[in-house]
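Protein chains in written order, with the working numbering: chain A, 6 to 270; chain B, 109 to 360.
Source of the hints: derived by calculation from the structure; they are not laboratory data. We put the beta carbon where it would ideally sit given N, CA and C, even for glycine. One thing to keep in mind: the hints can contain errors.
[As the list claims (entries may be wrong)] One side of the interface only, derived from the structure: several residues of chain A facing chain B at Cβ under 8 Å:
| hint | residue |
| --- | --- |
| 1 | Leu77 |
| 2 | Asp81 |
| 3 | Arg86 |
| 4 | Glu95 |
| 5 | Tyr110 |
| 6 | Ala217 |
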Amino acid sequence: MIDPVIEVKNVVKFYGDNAVLDGVSFRVFRGETKIIIGASGSGKSTLLKLIMALEKPDEGKIFVQGRDVTSLRERDLPEIRQRMGMVFQESALFDSLTVRENVAYRLYELGADAADIEERVLETLGFVGLADAIDKYPAELSGGMKRRVALARALISEPEIMLYDEPTAGLDPVTSRRINELIIALRDLKNVTGVFVTHRMRDAFTLATQYAINGSGNVRFRREGEDLCIANTRFVMLRDGKIIFEGPDEILRRSEDAYIKRFLA
Amino acid sequence: MPFTPRTAVKEVQDITLLAVRAFFSAFRRPYYMRDILAQMDLVGVGSLLVVLLTGFFTGAVLTFQSANSLSRFGATGLTGRLVAISLVRELGPVLTALMIAGRVGSGIASELGSMLVTEQVNAMRALGTDPVKKLVVPRILATTTMLPVLTIAADAMGVLGGLVVARYLLQLSPASYLNNAWDGLVYMDLFGGLLKPLVFGATVAIVGCHCGLRTHGGTQGVGRSTTQAVVTASILIIVFNLFLTKIILQYT
Chain A
6 MIDPVIEVKN VVKFYGDNAV LDGVSFRVFR GETKIIIGAS GSGKSTLLKL IMALEKPDEG
66 KIFVQGRDVT SLRERDLPEI RQRMGMVFQE SALFDSLTVR ENVAYRLYEL GADAADIEER
126 VLETLGFVGL ADAIDKYPAE LSGGMKRRVA LARALISEPE IMLYDEPTAG LDPVTSRRIN
186 ELIIALRDLK NVTGVFVTHR MRDAFTLATQ YAINGSGNVR FRREGEDLCI ANTRFVMLRD
246 GKIIFEGPDE ILRRSEDAYI KRFLA
Chain B
109 MPFTPRTAVK EVQDITLLAV RAFFSAFRRP YYMRDILAQM DLVGVGSLLV VLLTGFFTGA
169 VLTFQSANSL SRFGATGLTG RLVAISLVRE LGPVLTALMI AGRVGSGIAS ELGSMLVTEQ
229 VNAMRALGTD PVKKLVVPRI LATTTMLPVL TIAADAMGVL GGLVVARYLL QLSPASYLNN
289 AWDGLVYMDL FGGLLKPLVF GATVAIVGCH CGLRTHGGTQ GVGRSTTQAV VTASILIIVF
349 NLFLTKIILQ YT
């Protein structure tokens, strides 16, 4: 049995007296993208913060690449976090730094040399299609551009694990499609393990039904057939802090649960 | 948060914990020299004008009052001495620290508070950086090293302000004023005059960082943190000053 990259075990998290997560357990394997769906306030974003160890759960354990992030001290966490990337809901770009400095942040912190950093920044910004915006400040960018810069900032050190907190929320269909394709390409071409939090079912199903292949010189996206499970994506559905569904999209769509049916409609 | 003995003790505990964490992370890599220098520029050069003006007018007004009081005893000649002692021992360090609490402490709290509510601090942690090292340590180091320098500048401007008043408004001899001022000071004043700003500088920065990083409740919370940082730092400065004076006088 292959060890999971991320293992969440019986996690309970309280905010005040309210249990946002109440005994949540799941595993994410290498190269897989786990889509966490659920209504607003169902604890989806909290789950990501717990995996990144930005907050500690009140009960339960979380293992990332076999190491228990819930019991590590803050000073020992950077080492693990450097192998992970996170795209925040509101982008959370450093507003006192330019796009170049934002994207280069991680490499700069690791002490890479300037020429190498510049090359990687241009390459990564090219990947998200924002090479022109390199000298702008976050305040000069639109919401979609910010989201893509945030994606570039997380991707620059080629993390093995990516956490996406509603990366497409509030964006127009063209931009969200672009971001979804970037995430699919990372999953299928770079074998990145991902956790994708969203409440937009359209984006979730795009991720679950499309796959990327390396065409002649460019990346192509294909849609999988009716009964195929090519896209390496599984769903986890949260309701009131509990998991009410876990599995692939084909089964989710056929679910007879009234709440899930209403959510998908 | 209501002010009760319990919250006050918790507050002191949190501030101490932050200070201890900052102290130990200051000795571990990476060192963020660039951030330290940028903060020093912001705190030191940025506050220079405010501090110089404060020093000058404080020295001037102090000379007026001292000469006025001393004239009743026929001791106007001692004006320089009294002004120098009051400035170097008390007013210079305390007023400079209060100005810095208003200018730098508030700046630190609002900047870190805004970074916290916009998730920039979390983003920083997610990118593998320890915010205590990257944000807190440079601010503490910069404020702690710059405040003594600013205090010296304020003291010097105070004596100059006193000199202007003594010469042009009180018709005292500038030479005797300066000589008298110089005679009033002992070497221990150098130590005392610099120990105070060292402690005050660390206080302003730690309180500012603590209030900023504890911010909750969005934009309104940032405002609250800023006010709290200035108020707490100012009170602590005034209280610490009493204890420091007691300690310093004991060894003089």
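Results of checking the hints against the structure:
1. Leu77: Leu77(A) check fails; min Cβ-Cβ to chain B is 13 Å, beyond 8 Å.
2. Asp81: violated (10 Å)
3. Arg86: holds (4 Å)
4. Glu95: holds (6 Å)
5. Tyr110: holds (6 Å)
6. Ala217: With Cβ-Cβ at 25 Å, over 8 Å, it is violated.
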